[in-house]
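Student: Chains as they are written, first to last, in the working numbering: chain A, 25 to 249; chain B, 2 to 299.
Hints are supplied without guarantee of correctness; some may be wrong.
Per label pair, the in silico range of CB-to-CB distance [as the list claims (entries may be wrong)]:
1) B:K45 to A:N218: 57 to 63 Å
2) B:D106 to A:K32: 55 to 61 Å
3) A:K32 to B:M2: 27 to 33 Å
Just so you know, the hints here were simulated from the structure itself, not pulled from any lab data. Using N, Cα and C, we set each Cβ at its ideal position, and we do this for glycine too.
Here are the chains, one letter per residue:
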Amino acid sequence: MHILDFNKLSLRDINKTLQESDKNSFFSVRNPKGSHALAVGINKKITVKIVGSVGYYCAGMNKFSDIKVEGSAGPGLGENMMSGNIYVTGDVSQYAGASGHGGSILVGGNASSRCGISMKGVDIIVKGNVGHMSAFMAQKGNLVIFGDAGHALGDSIYEANIYVAGEVASLGADCIEKKMTKKHLSNLENILSNANVSDYNPDTFRRFGSARSLYNFNVDNAKIY
Amino acid sequence: MCGIVGLFAKQENISANLGVHLSKMLESMSDRGPDSAGLAIYGKPLASKTKITVQSRSPKHDFQKLKKFLSAKKEISFSLKIHSTHAVIKLDVKQKDQVANLINDNFPNLRILSVGKKMEIYKETGKPAEVVKRFEIAKMKGSHGIGHTRMATESAVTTLGAHPFSTGEDQCLVHNGSLSNHNSLRRELIRKEMTFETENDSEVAASFITYRMNNGKTLKEALESALVELDGFYTFVVGTENGFGVLRDPIACKPAVLAETPDYVAFGSEYRALTSLPNIEKAKVWEPEPATVYFWGH
Numbered sequence: 025m026h027i028l029d030f031n032k033l034s035l036r037d038i039n040k041t042l043q044e045s046d047k048n049s050f051f052s053v054r055n056p057k058g059s060h061a062l063a064v065g066i067n068k069k070i071t072v073k074i075v076g077s078v079g080y081y082c083a084g085m086n087k088f089s090d091i092k093v094e095g096s097a098g099p100g101l102g103e104n105m106m107s108g109n110i111y112v113t114g115d116v117s118q119y120a121g122a123s124g125h126g127g128s129i130l131v132g133g134n135a136s137s138r139c140g141i142s143m144k145g146v147d148i149i150v151k152g153n154v155g156h157m158s159a160f161m162a163q164k165g166n167l168v169i170f171g172d173a174g175h176a177l178g179d180s181i182y183e184a185n186i187y188v189a190g191e192v193a194s195l196g197a198d199c200i201e202k203k204m205t206k207k208h209l210s211n212l213e214n215i216l217s218n219a220n221v222s223d224y225n226p227d228t229f230r231r232f233g234s235a236r237s238l239y240n241f242n243v244d245n246a247k248i249y
Numbered sequence: 002m003c004g005i006v007g008l009f010a011k012q013e014n015i016s017a018n019l020g021v022h023l024s025k026m027l028e029s030m031s032d033r034g035p036d037s038a039g040l041a042i043y044g045k046p047l048a049s050k051t052k053i054t055v056q057s058r059s060p061k062h063d064f065q066k067l068k069k070f071l072s073a074k075k076e077i078s079f080s081l082k083i084h085s086t087h088a089v090i091k092l093d094v095k096q097k098d099q100v101a102n103l104i105n106d107n108f109p110n111l112r113i114l115s116v117g118k119k120m121e122i123y124k125e126t127g128k129p130a131e132v133v134k135r136f137e138i139a140k141m142k143g144s145h146g147i148g149h150t151r152m153a154t155e156s157a158v159t160t161l162g163a164h165p166f167s168t169g170e171d172q173c174l175v176h177n178g179s180l181s182n183h184n185s186l187r188r189e190l191i192r193k194e195m196t197f198e199t200e201n202d203s204e205v206a207a208s209f210i211t212y213r214m215n216n217g218k219t220l221k222e223a224l225e226s227a228l229v230e231l232d233g234f235y236t237f238v239v240g241t242e243n244g245f246g247v248l249r250d251p252i253a254c255k256p257a258v259l260a261e262t263p264d265y266v267a268f269g270s271e272y273r274a275l276t277s278l279p280n281i282e283k284a285k286v287w288e289p290e291p292a293t294v295y296f297w298g299h
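Chain A on its own, in the form it takes in the complex (with noise of 0.2 Å):
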């Protein structure tokens, strides 16, 4: 295991050495102090464990790699991520997981708004509760709520798959709830089975969707013109 600490290298040196590494090395970051942009362009299987937490877009773009935060996360944790797991022990802030291609997301605590907007594949999984607007324009991919979730749930949602355990203050447009399938269920497991997430009960999740109304333009519009 390398040790990197902020306290005798600077963000660009701990990122270099990271992105520049051999594959399945093993890193542990020390004192980020709530540093933006830490482990970003992370291209190969690697393991980073930071203690502490951190600030703006933590592990943006990651791909293969395997990065834990041992504290919370500033807004766009994992954005545009390819692959790969992230797992933070707290919170996140607005925007976690945005456009997230694949690989997954576990957030210990909650996650506040905005959570996978625009996700394109990524599963997203928080233990807490999650703000308004998360889900908006989701188009594929999962996003698992243990917690509640806030305000206009899965707004302009395409086709990924939102589930709570929780209660839901309200739906956006065209996001509805809809059946836990025995596929869905299954879905839901491995997703969590994935994520190495045991300590559930299925039954306790509803399933969010689109409705599908706003895929097409509706003719009662065309006065408008």
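With chain A held as given, fit chain B onto it using these hints.
Tutor: What follows is chain B alone, placed relative to chain A:
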């Protein structure tokens, strides 16, 4: 972008070092706001006295002249302490309006930044580190304080465009965001006889809150009406005689983090602003909810 910090002391160990903590917090927000910086510090209240903080572009000349002018008025007893481009005048609370009028009528180059029993406002253009050094903020003590680092978007980089903006005696406001209906609101407030020093959108927010509180609304009510009337993005922190309040707009894209320990409540635009505080790793840290008024008071 802009940076906001706030610190509310629950214990003596924090209030004795309030200036030290706020200086570090403000400096950590330099890259969110490198244009100008400012702070409102709430010190010990003075028995039957109040403080007027004034600012000048040529302090050496203006403050000497002011001192001479006020000394010549035998009925006024006052003290004047110069902090760089600012001076704090301590005087009997009964003479506050008289002195404020005298300054406004006779010293067009002086600007009254704040009036209050506890509050002093210090703000200038320049990097946050230069601003806190210029005013020796680290030496200051107090029960609470709020600060701002500015990246100008809506109006010019000037001292008066810097935050905090006073919203009344012992009250002030700092703002991160931008308001889109500030011109029409300013016109409306001017019709109601509010006056403005700048073209700044945040000054309009401050004036909006002042107007409502002058007309009998509580701070909470004034902030709740801001949710209805103000269009745009904002995280506000408002300082009052007893504490500070926080309000985010319903969209809440402007960041905000709160931290609480048995010793203090702290606000930062980012977690970075809080990392220099004692025992921050043990603090309860959370994001304030959108469209919700928070307040901590003594």
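Student: All hints are to be evaluated individually against the structure, with a verdict given for each.
Tutor: Structure-based check of all given hints:
1. B:K45 to A:N218: 57 to 63 Å: Given a distance of about 59 Å, which is inside 57 to 63 Å, the answer is holds.
2. B:D106 to A:K32: 55 to 61 Å: This hint holds: roughly 59 Å between Cβ atoms.
3. A:K32 to B:M2: 27 to 33 Å: At 29 Å between Cβs, range holds.
The structure fails none of the hints (numbered hints given earlier).
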